[in-house]
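Undergrad: Could you build the full structure based on these sequences and the hints that come with them?
The numbering used here numbers the first residue of the sequence shown as -13 and each following residue consecutively.
If you're looking for bench data, these hints aren't it; they were derived computationally from the structure. Check each hint, because a few of them may be wrong.
In silico DSS-like pairs for lysine-lysine, Cα to Cα no more than 25 Å straight-line [unchecked claim]:
#1 K434 with K471
#2 K650 with K585
#3 K650 with K687
#4 K370 with K500
#5 K677 with K687
#6 K252 with K265
#7 K309 with K327
#8 K677 with K370
#9 K327 with K139
#10 K650 with K671
#11 K270 with K257
#12 K546 with K596
#13 K370 with K327
#14 K596 with K684
#15 K585 with K596
#16 K500 with K546
#17 K139 with K53
#18 K432 with K471
#19 K252 with K671
#20 K660 with K585
#21 K348 with K305
#22 K252 with K320
#23 K540 with K593
#24 K593 with K650
What follows is a set of in silico ranges between Cβ atoms, one per label pair, in the way DEER data are often shown [what the hints assert, rightly or not]:
#25 E584 with F532: 17 to 23 Å
#26 F6 with P73: 47 to 53 Å
#27 K309 with S227: 27 to 33 Å
#28 Q346 with Y(-6): 48 to 54 Å
#29 L576 with E544: 33 to 39 Å
#30 F6 with S694: 37 to 43 Å
Nothing here was measured: the structure is a model prediction, and the numbers come from that model. From the three backbone atoms N, C-alpha and C, an ideal C-beta is built for every residue, glycine too.
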Amino acid sequence: MGIDKLLYLQGVGAQFIDCFGQTIQIPHVDRLGILHSMLDQKQLPQSLSDEFIHQRNTQLDATPWTKILPQFQWCYDDDLSVSLHLPELDTEHHQLIIETENRQQFQLEFCSCDLNVTGDYRIGDRLYFRYKLELKQYLTQQQLDQISLGYHKVAIGGLGGVGGDYAHWVVAPHQVYQFNQQGISLNEQHSWGVNIQLFTLRSQSVWKIGDFGDLNHLINWIAPYGADFILLNPLHALDISDPENASPYSPLDRRRLNPLYIQIEKVPEFKILSDTALKRAHAKMTKRSKLSVNDKEDNWLDYTVIFAAKYQVFTELFKQFQKQHLRFNTPRAKRFHRFLKEQGESLLQFATREMQRAPQLKQQVEFFCYLQFVANQQLQDCQKNALRRGMAIGLIRDLAVGAVADGEEIQQNAGQFCLNASIGAPPDPIAPQGQNWQLTPLDPVKLKQHDYSHFIALIRSNMQHSGALRMDHIMSLMRLWWWPKDHNNGNGAYVYYPFDTLLALLCLESQRAKCMVIGEDLGVVPPEIVSSLYQAGIISNELFYFCRHQEAFKAPDEHKRQSMMMLSNHDVPTLAAWWSGFDIELRDSLALYPNEQEKLAALTQRKIEKEQVINYLQYFNHDNQVDNQRELSSEEIVQKLAPVVARSASVMFSLPLSDLCCDKHPVNIPGTWKEYPNWRRRIAKSIQQMKKDSALDKLLKDIAAARSDNG
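TA: Here it is in structure tokens:
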């Protein structure tokens, strides 16, 4: 009984529903293994003493009832109320003090006999009640109107006073922000745009890697067609001690930006760089990636070379910044110092660890702060440019589900994470051994004990300079699959989080930032989360490949209204690869099929699905009938299918830039590491080439017309 209660209090799940709809019981030994990982216990599960279990249960379950005010609580803005704990027979009059974010104070006096009981708990021979104090019973409407959305404080007997209980009190909205940057509500939107991996963009730049300058070129090109947004990959800071750790979904710090995205030529200090410094850096970039098959082919990014060249120039830029600005405290220097103040101690800690990770750069802490300052400024300029060009949403940023254990984010906030586990997915038919993403999970108990501070900071930082935020694996608000790092601790289990609280905080930060939220909910989604996300106004994520009935793809008007329909994304083949079967050939060449039968099964299934696409086009593509007697080329299938899917009932429609230029090569093959060079493939065409493509011009106009007609 005691151990079961502790597992529940720590959030360790007992069962889940798998991809086949079957209920899977998680073995008790695996649940205990996760508990040990949480508690940092080195003993075997059997050695958990009854005394320890009792003490921990008391700490988590009973002790909070003895505090008049919970350490952290929240309420909705249309139900302003405070929860309190008081012992049975308490008849005293108490004073409650509310201090709002803007330092306004309200005082009221109450007695438990006037409050509604919402719960009770017995500790020994003493009974405690939870009460709900509704502020409308004690404050005037004018006073209530002054308590806005935000992070406030409540206390009994005076804020911080001796013997007084002090607590964080959050007032949250029911929904995330529901408008685009032009003030049009979600229900009225039929927006469209493109999704890109920023680093893949080709331009005339010598640096090869796509950067914020290329992003501006892309904005300038597609905005006149009526595109409303550009969905980006995560821009998080990666490992500068090993630039080849290039996955944007395995970051060191999700609160910081990757400096490799800085457009060097747009940094103000660039104008006064010496030709010699630039020539040395440019010389490094003449070396082609070892992945290139010949001297003419230049499709792969060599991050080691790019890092060395760009950081060489960054060093020179910073020297000029010191000489021209910091030395004389110019307006630009003042903006830099203001940025440091806004970012606080966490930025200095980040910069210190960056300095330690890259001793070969021989740079000081201020240098790494400078790079964040420049990157932040350029990202902001991109969003301003997007809105100025008429985009209704602008940039959509992407938040990875986790960060690596030895990164700055985790190390700075180790008290809120479980360092003895990593997150992933349970076994399924595609991955019989399960998936381990090598990312460190937030600990639900520690997160609550720290007043959710890291979650708040993470959401807030990633909503900056964007019209919407895509959250990878939105189910993490409710649960995550944990793998214990110690293999003696079993085979993992689901760990549950305080979903309602995290959702409320997400809604609050979204409203404050005026930033919509898209939740990546592909895969196995717990049914209890679906309605809550919908009611909170979070936009679901749909993929055309998976949006189907048993024997046919869903009609455009059957697509979920509150969703972003994507033609494809970085985890599935491009449309050209899918149609031509290039993805199957590639997987076969990489020996990713365990046997010939599985490859043949994939080919057979693909043939069926292609026939279904032809039927789909014949039924819905009334303006351009499809000849089923002739095999369509990859270019033709993109030209015909994209405008049809663009008629989707969804509030948002997105297609990858790689689909626009009919690229067959994937930027990522899930489940591979050394087998394929993920996150390095450059897109097939440059923006300049795409701008001159008449077929592409027609396609973009057709997509815009399809979305407009659907409105």
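Undergrad: A separate judgement is required for each hint: does it hold in the structure or not?
TA: Verification of the supplied hints:
no.: 1; hint: K434 with K471; result: holds, 23 Å
no.: 2; hint: K650 with K585; result: holds, 19 Å
no.: 3; hint: K650 with K687; result: holds, 23 Å
no.: 4; hint: K370 with K500; result: holds, 14 Å
no.: 5; hint: K677 with K687; result: holds, 13 Å
no.: 6; hint: K252 with K265; result: holds, 17 Å
no.: 7; hint: K309 with K327; result: holds, 21 Å
no.: 8; hint: K677 with K370; result: holds, 22 Å
no.: 9; hint: K327 with K139; result: holds, 24 Å
no.: 10; hint: K650 with K671; result: holds, 12 Å
no.: 11; hint: K270 with K257; result: holds, 21 Å
no.: 12; hint: K546 with K596; result: holds, 23 Å
no.: 13; hint: K370 with K327; result: holds, 23 Å
no.: 14; hint: K596 with K684; result: holds, 24 Å
no.: 15; hint: K585 with K596; result: holds, 16 Å
no.: 16; hint: K500 with K546; result: holds, 23 Å
no.: 17; hint: K139 with K53; result: holds, 15 Å
no.: 18; hint: K432 with K471; result: holds, 19 Å
no.: 19; hint: K252 with K671; result: holds, 23 Å
no.: 20; hint: K660 with K585; result: holds, 21 Å
no.: 21; hint: K348 with K305; result: holds, 13 Å
no.: 22; hint: K252 with K320; result: holds, 19 Å
no.: 23; hint: K540 with K593; result: holds, 18 Å
no.: 24; hint: K593 with K650; result: holds, 18 Å
no.: 25; hint: E584 with F532: 17 to 23 Å; result: holds, 20 Å
no.: 26; hint: F6 with P73: 47 to 53 Å; result: holds, 50 Å
no.: 27; hint: K309 with S227: 27 to 33 Å; result: holds, 29 Å
no.: 28; hint: Q346 with Y(-6): 48 to 54 Å; result: holds, 50 Å
no.: 29; hint: L576 with E544: 33 to 39 Å; result: holds, 36 Å
no.: 30; hint: F6 with S694: 37 to 43 Å; result: holds, 41 Å
When held up to the earlier numbered hints, the structure conflicts with none and fits them all.
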